[in-house]
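Those protein sequence lines, which keep their order, are chains A, B and C.
Residues 61 to 555 (the numbering used here) are what the first sequence spells out, left to right.
Residues 206 to 396 (the numbering used here) are what the second sequence spells out, left to right.
Residues 35 to 212 (the numbering used here) are what the third sequence spells out, left to right.
To be clear, the hints were calculated from the coordinates, so they are not data collected in a lab.
The beta carbon of each residue, even a glycine, is placed where N, CA and C say it ideally should be.
One or more of the hints may lead you astray.
[As the list claims (entries may be wrong)] Under 10 Å between C-beta atoms, here's a sample of chain C residues computed to sit facing chain B:
# : residue
1 : Ser38
2 : Ser42
3 : Val184
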Amino acid sequence: MLSAKLFKLRGGVHPEGRKNLSAERHIRTLPLPQKLFVPLQQHIGAPASPVVNVGDKVLKGQLIAVAQGAVSSSIHAPTSGVIVALGDHVAPHPSGLPVPTITLQSDGAENWIACETIADPFALTPEDIAARVGAAGIVGLGGATFPSALKLNLSRSSGVQTLIMNGGECEPYLTCDDRIMRERAAEIVEGIRLIAYAVAAQEILVGIEDNKPEAIAAMQAASVDTPVKVVAMPSMYPMGSEKQIIQVLTGKEVPAGGRPADIGVLVHNVATAYAVQQAIRFGKPLLSRLVTLSGGAIKTPCNVEALIGTPVEELIAFADGYAQPAARMVLGGPMMGQQFTNTNVPVVKGTSGVLALTASEIGQAEPSPCIRCSTCIRACPVGLMPVEMVSRIRASDLAAAVDFGLKDCIACGSCSYVCPAHIPLVHYFNYAKGDLAAQERTKLKQEATKKLADARNERIARIERERAEAAARRKAAREAKAAKAAAEKAAEEVA
Amino acid sequence: MSEYLLLLLGTALVNNVVLVKFLGLCPFMGVSKKMDGALGMSMATTFVLTLATAATWMLEHWLLMPLGIQYLRILAFILTIAAVVQFTEMVIRKTSPGLYQVLGIYLPLITTNCAVLGIALLNVQEKNSFMHSLLYGFGSALGFSLVMLLFTGLRVRLALAQVPPAFSGAPIGFVVAGLLALSFMGFAGLA
Amino acid sequence: MLLSAIVSLTLLGTILGLLLGLAARYLKVEGNPLVAELEQLLPGSQCGQCGFPGCIGAAQALAEGSVSVTLCPPGGRAVAQLLAAKLGIEADLSGVADNVPRIAEIKEEICIGCTRCFKVCPTDAIMGAAQQIHVVFREACTACGKCEEVCPTESVKLQPIPATLQSWYWNKPTGALA
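Just chain A, same shape as in the assembly (with noise of 0.2 Å):
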């Protein structure tokens, strides 16, 4: 099984792993938080609109927001308890906005709502899996938190051959997905076939990378008998990035702009396989999700399961605080994760780690001019060419930029990992792709308000034209009641 074959990656880069702090941690449950804060908008798409008020007495697992519009997900109570507040809280975003929280004050007691539980998932009609995942506000896991029903509905409906489950966890740090691998391999399996199922996929292989020989053993136990195929993969970063894990396992590359069903493939993060099992078998929905505590400057590194809403910094205390001062916060991987200072933002379903990071490990330096070196078109996992693509972008020529291929960037990070002179390359693509759909808004914006005001004006025309109607109607109708006048006295005088 593990012999299967691979196919070459283009670029990539070999950060150090450091996956040696947490990665022997057994995951363990974090104590139940006071009060939890859960954002409306943890997924891509549109925020949820909530369906409680404050005061309402709210049970585990009980719908507290509802998916709005088509690629939208639910949010569901993490715990029981009540809802103190609906209001703004600090986002786990780099620009620490607020953004659209349900606050819950949690009572301890944990009293779940009923759930549904099913002996024998595979009964189901595909279509039944899709909307139970969905009813369950299920988002892809492994950061890009895309709503899953929608993957499993879009993938049904445009016929996948092939299903690739990524427990690639390239990032550095992170092993919450080794830990889950490892632990709860049984149920991984499971959800997969159900996703699998799902989707009528006939190929089915589960990519994990060969620094993680456990959780590759554990998977192969849990797959004997299963048509699930795990496949080693060789470690480098961005193996676990969607195009890429696909390119390594398949050898088929995603076209520009596409989506991977375009080429029959649907790629799922394992986490969210588990996620899938337990919704579907014991009618659980997405509460918690497992984090890794990073990083130097974090005393004890770990994996816990967190209920979404948790403010960070009561994993920081689990994790017994800070060993020293940390230099940089980060959600997520070193590699792609979001930048934060406030503690208090939540953990939600796409925070796959908390890293505090010294200042040795991040290694910041002051930039110096490029010297026209090409390491970054080497590392470039896409084939890009990020040093002409951030000269553009510099000198404001944000379409030479996407000539380029700027659009095709999966902001990897693999280029100012590699850079000598320590160019933030990917901020300049960050800034670029803002740019661009802002200049797109405002865009978008000018032709629906032009629209209005031609609108407007037609209105304002017909307005005046049926006025001017309006009085040239009356005036004939004087007319003609003083022509009748007229004639009825001339008749008079007749007479």
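Using the hints provided, position chains B and C relative to the given structure of chain A.
Positioned in the frame of chain A, the structure of chains B and C alone reads:
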């Protein structure tokens, strides 16, 4: 035939109008920031230059020489060239509004483009025949277009480079133009 | 000799003039299709902030090249770039970039419900009725400022649009090196 080819090659490369004779530097520096503009300018200049050499040859040989009033040459040439440029402007405006917008203020500038007058005067000086004059004009225009496009390519790259503030903009442009001129001296070996 | 010089040059001038006159007649361009295309790019709210009576006036001036492409404050940088691309010119957008996108906001405490603002709004972005507090539809407001001018209580003010998670993005790295 080979004589014509040599003439064309000689005017385009060895005696390049911009980098060896240093004529027509105004559009060379002015319109070389963007490829589109440079291409339009090159095409317009090629058109005007070829037409103007033909017109001025006829003027010289059929009017000025018979009447013995060659001392009015510059005056008469300017008049004719201005008319030809005006005509070109109208044609472009009619046929290609996009190109007209791109060339904008540069089209009337061709009137005062010293390359056009210079080539016409050189033709007289060298007592070229009509066919030779025409090729001389066309070859010079080709040379102009070649260096124009080369230089624009360089300047487009230059816009992305980090030039020390004192040199950024026109100064580094002139430095590059000088280097380009030096390299064109190498074609002298062809002669 | 002198006579022949005078006569020949006069004749030359006259003939060339005549030829150009004829060419002008035959190659005449009917109107300028560019104006219509430029007007399409402009916001079309006829707000008059550019100094022209409406967007068509601005489009004409742009086509003549007598004004900068950065003339349209509600359009901002996006429109300036579109115009520059259409006209094939390089625009100095540095002045526009500083212009933070703004939006009209009504202070409800001092709004007296006079209905003046929503009567002048070119995009119907203000809703309200007499003696009732008016509200602004954020999506439709172009920040043209007409409402600000007519408000008798200074209740309408243009405010910078607050950043949201959807609109926020990383700013351009400073440190000029790259």
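Cross-check of the supplied hints:
A least Cβ separation of about 5 Å between Ser38 (chain C) and chain B falls short of the 10 Å threshold, and the interface hint therefore holds. Annotation: Ser42 (chain C) was flagged as interfacial toward chain B, and the flag holds, the nearest CB pair being 6 Å apart, inside 10 Å. Taken as an interface hint, Val184 (chain C) does not check out: its beta carbon lies about 38 Å from the nearest beta carbon of chain B, beyond 10 Å.
Hint violations for this structure: number 3 only, all remaining hints satisfied.
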